[in-house]
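Assemble the whole structure, with the sequences as input and the hints as a guide.
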Amino acid sequence: MNTQMAAIIKKDMQSITCNKRMFTTLLVVPIVLTIFLPFVFILSIYFVPEEGKELLALLEMFPIPVQSGSSLKSIIWFMLNILLPVFFLIIPIMASSVMSAASFVGEKEKRTLETLLYCPLSLKQIFRAKVIASFLISMLVSAISFTSMLIVIETLSYAITGSFTFPDAKWFFILFLIAPTISLIAITLIVQMSARAQSIEDAQQGAVFLLIPVLLLLIGQFTGILFISTWLLLVIGILCALAAGLLLKKSMNHFQYETLLKN
Amino acid sequence: MNVITLTELSKIYPGGKKAVDSVNITLSSGEVFGFLGPNGAGKTTTIKLLGGMLTPTQGSCTVFSLDPAKNPEKVHALCGVVTEHAQMYDALTGIQNLIFYGSIYGLTPSESKKRGLELLKQLELYDAKDQKLSAYSTGMRQRLSFARALIHQPKILFLDEPTSGLDPESAQNVHDMIRLLSKENGITVFLCTHQLRYAQEICTRYGLMEKGNLLAEGTLTQLRSKVCSGATMKIKATEIPHELSCYQTPEGILEIPIQSEEEIPKTARRIIESGGNIYHISTVLPSLEDIYFHLTTRKESLK
Ligand SMILES: Nc1ncnc2c1ncn2[C@@H]1O[C@H](COP(=O)(O)OP(=O)(O)OP(=O)(O)O)[C@@H](O)[C@H]1O
Ligand SMILES: [Mg+2]
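Protein sequence lines correspond, in order, to chains E and S.
All the letters of the first sequence, read from the start, carry residue numbers 1 to 263 under our numbering.
All the letters of the second sequence, read from the start, carry residue numbers 1001 to 1303 under our numbering.
If you're looking for bench data, these hints aren't it; they were derived computationally from the structure.
Remember, predicted model here, so these are calculated numbers, not experimental data.
Do not rely on the hints blindly, as some may be mistaken.
[Unchecked claim] When the alpha-carbon atoms are kept at most 25 Å apart in a straight line, the in silico BS3-like pairs for lysine-lysine are as follows: (1) E:Lys262 x E:Lys124; (2) E:Lys10 x S:Lys1114; (3) E:Lys249 x E:Lys10; (4) S:Lys1114 x E:Lys20; (5) E:Lys262 x S:Lys1074; (6) E:Lys20 x E:Lys110; (7) S:Lys1129 x E:Lys20; (8) S:Lys1070 x E:Lys262; (9) S:Lys1070 x E:Lys249; (10) S:Lys1129 x E:Lys10; (11) E:Lys124 x S:Lys1074; (12) S:Lys1129 x S:Lys1114; (13) E:Lys250 x S:Lys1017; (14) S:Lys1070 x S:Lys1017; (15) E:Lys10 x S:Lys1074; (16) S:Lys1114 x S:Lys1017; (17) E:Lys124 x E:Lys110; (18) S:Lys1070 x E:Lys124.
See below:
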């Protein structure tokens, strides 16, 4: 890494503040998923306890750690450690695809890519700089989302049950294995689309496919078919890492002057 | 030393279009090469080949002995490129853009700011330096592109119609800068343009392309002797002899093509002997425009 690549990374990362629509997307989705969703969920169960009964029945299926707590405490634990981890994955997927669509397709669309290609960096370096920029934004958004989610949950937990409810080991794998690798996968998919896509929207549609496995995980969990254990997450994470490595190599090959400037 | 060489350079686009066909050119340091030709002649394609954005189908080209297809980043460090499609960032101001491009060419932020402001002054954009590019006019963008191409003090400039959207004053200014850069800094300039009058003012050598072929190449004098030798004699007179009247323009001026100076006194004597008065005589050598049209139309008449 050199200062020239750092300049590209910095410029790409700063560009999100210039693009209103992109900035709103990056802001709204995490707020809904990590603040609004847990808030509404926990409060509605607190104020309408009958609804919680059914949920408690569902909770029987999950190995809730032995706690000297109320059913509310179990529900908060369920929220934090079963429900939110899967929902959370939407955030890095969304952030990295929005960012990389602007960074790769947007530059092509606005005809600034050609200018950038004339700089004295190799294509590999430009490619890396752009992937790093999208990756960093995705990690930044995920980290901020996780922190704000934790603050909301802990505050509610303390206010309602009088004690904190801690995140379990799943979150470690989500944050440090699955979120990074799934971001890289989303970025490489967008890059491959960027050869064909003529507009940012075109490319972002491609990333929607990545949400399908996340939705399947969610459904599986709710219907009781699938229980997302820490081990399952580790396996998923390793598979994602392998896929990300392969895809990165493959999309690097797509990154050629002639294919990039063709329109 | 040869700065740019094109050896049997050919490019066939994937669709089968032969855009450049066995072109040979060598340029040495400090030359301003005017690359001329009608639309679709292959000028932009040649610039893209030299910048490494395209790989030659046959033949090769070198820039300072580097092959742009193999070491594009090394070539890019030495050259500045202005093409019609290369845009900059609308969300940044003029000077922010220059600082960014300076930094990816390896300048420190303070260096690129200093150099950027200098260039903005020279290109009369200093007052607009803090305006976002989205508020720039076409001509302002074009001039900023020229500033961007110069930010890292390149040794070669590839300019693809750098003055196409400019008003006459700005175009003159840019042309003066190009001339100065080649004279004082020894920068080699590869200039594609349709503005033949300006080209004649600033270029030291020319290449005329049509449909991918290099029709003729050389200095203006060389082209004159190769393509259309001779000159035009212009005479303003009264009582023009009958056999000369076919050369008369609607304004009453005689324009007679001549091959040697000897024809001037001969014609003058004939007018005077037939009782006419001569008010003005001059000879005009063929301009670049004349040569251009001569070349492109001669090809037509051969078919
Ligand atoms: N990407 C491409 N794919 C296929 N054919 C192309 C492509 N780009 C240019 N051509 C063709 O190659 C030929 C040369 O094009 P080029 O852009 O080099 O012309 P030019 O001399 O720059 O013309 P102009 O004066 O209009 O800018 C044209 O016939 C054009 O149609
Ligand atoms: Mg062109």
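Going through the hints against the structure:
1. E:Lys262 x E:Lys124: It holds: about 19 Å lies between the C-alpha atoms, which stays within 25 Å.
2. E:Lys10 x S:Lys1114: With Cα atoms ~21 Å apart, E:Lys10 and S:Lys1114 stay inside 25 Å; holds.
3. E:Lys249 x E:Lys10: holds (24 Å)
4. S:Lys1114 x E:Lys20: Roughly 31 Å between the alpha carbons, so the hint for S:Lys1114 and E:Lys20 is violated.
5. E:Lys262 x S:Lys1074: Satisfied, since the Cα-Cα distance of roughly 23 Å is no more than 25 Å.
6. E:Lys20 x E:Lys110: holds (16 Å)
7. S:Lys1129 x E:Lys20: It holds: about 23 Å lies between the C-alpha atoms, which stays within 25 Å.
8. S:Lys1070 x E:Lys262: Between S:Lys1070 and E:Lys262 the Cα gap is close to 20 Å, so the pair holds against 25 Å.
9. S:Lys1070 x E:Lys249: OK: S:Lys1070 and E:Lys249 at ~20 Å, within 25 Å.
10. S:Lys1129 x E:Lys10: holds (21 Å)
11. E:Lys124 x S:Lys1074: holds (14 Å)
12. S:Lys1129 x S:Lys1114: holds (13 Å)
13. E:Lys250 x S:Lys1017: violated (29 Å)
14. S:Lys1070 x S:Lys1017: Status holds; Cα separation ~23 Å.
15. E:Lys10 x S:Lys1074: Holds, at about 23 Å.
16. S:Lys1114 x S:Lys1017: The hint is violated at about 45 Å.
17. E:Lys124 x E:Lys110: With Cα atoms ~21 Å apart, E:Lys124 and E:Lys110 stay inside 25 Å; holds.
18. S:Lys1070 x E:Lys124: holds (13 Å)
Comparing the model with each earlier hint shows violations of hints 4, 13, 16; every other hint is respected.
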